[in-house]
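**Q** Sequence:
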Amino acid sequence: MLFRSGLVISATGTWAYNVALFAFVYERTHSFGWVGAAGVVRFLSALVCSPYAGVIAERTERIRVMISSDLGCALWQAGAAIVAAAGGPVVVVLILSALTSATSAVYSPAVAATIPSIVSEDDLVAANALNNTIDNLVVIAGPAIGALLLLAGSPALVFGVNAGSFLVSAGLVSRVRLRSQPVDVTEAGTAGPLAQMAVGV
Numbered sequence: 001m002l003f004r005s006g007l008v009i010s011a012t013g014t015w016a017y018n019v020a021l022f023a024f025v026y027e028r029t030h031s032f033g034w035v036g037a038a039g040v041v042r043f044l045s046a047l048v049c050s051p052y053a054g055v056i057a058e059r060t061e062r063i064r065v066m067i068s069s070d071l072g073c074a075l076w077q078a079g080a081a082i083v084a085a086a087g088g089p090v091v092v093v094l095i096l097s098a099l100t101s102a103t104s105a106v107y108s109p110a111v112a113a114t115i116p117s118i119v120s121e122d123d124l125v126a127a128n129a130l131n132n133t134i135d136n137l138v139v140i141a142g143p144a145i146g147a148l149l150l151l152a153g154s155p156a157l158v159f160g161v162n163a164g165s166f167l168v169s170a171g172l173v174s175r176v177r178l179r180s181q182p183v184d185v186t187e188a189g190t191a192g193p194l195a196q197m198a199v200g201v
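So the sequence shown is residues 1 to 201, counted in the numbering used here.
Rather than coming from a laboratory, the hints here were simulated on the basis of the structure. In this text, all values refer to a predicted model and were calculated from it rather than measured experimentally. Be aware that one or more of the hints could be misleading.
Stated by the list, open to error - Simulated restraints, written as ranges between beta carbons of each label pair: (1) 91 to 147: 23 to 29 Å; (2) 121 to 153: 42 to 48 Å; (3) 175 to 31: 23 to 29 Å.
Even for Gly, the Cβ is constructed at its ideal location relative to N, Cα and C.
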């Protein structure tokens, strides 16, 4: 329950933040080109980091990976909230957005690798189905919440709420007692980065 709750809260906050990011960029630049750049920066950084994310999830204790990811994302989002509230440069917010995406890239592989350890084999299919259901629900709920927060405040408010959601998620996940055993995907230092990524995949 703690595991799922942390996932729902952080994912919902992230989708709410997506809406606020685009609103912030357009509000400050009035340029759809900049809005497009915000999307590219956000998703390209995740794409670049994702191949090695599975390696990190294997080499490091997974609950620790998820907590570290949440705390890192909270730091970047708090920075974005401060910059937005102070009227700082859009580029700085985009850099913090890229850092958030890169830091969160490891979270999903860690979740996927942890699920088989917290449910029985008979419940694995149902657990994976529930995980997919959560992913689909937050895609709808997150932007709706983001839009409501924008009506009530500003993009800086949404960035701050997202930072808080990561902190809550980290607190919930830290209470999970299960701990995984890290795997030496380097094969005692003989495997290079590409071979390590194959293990991660």
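**Q** Of the hints stated earlier, which fail here?
**A** 3
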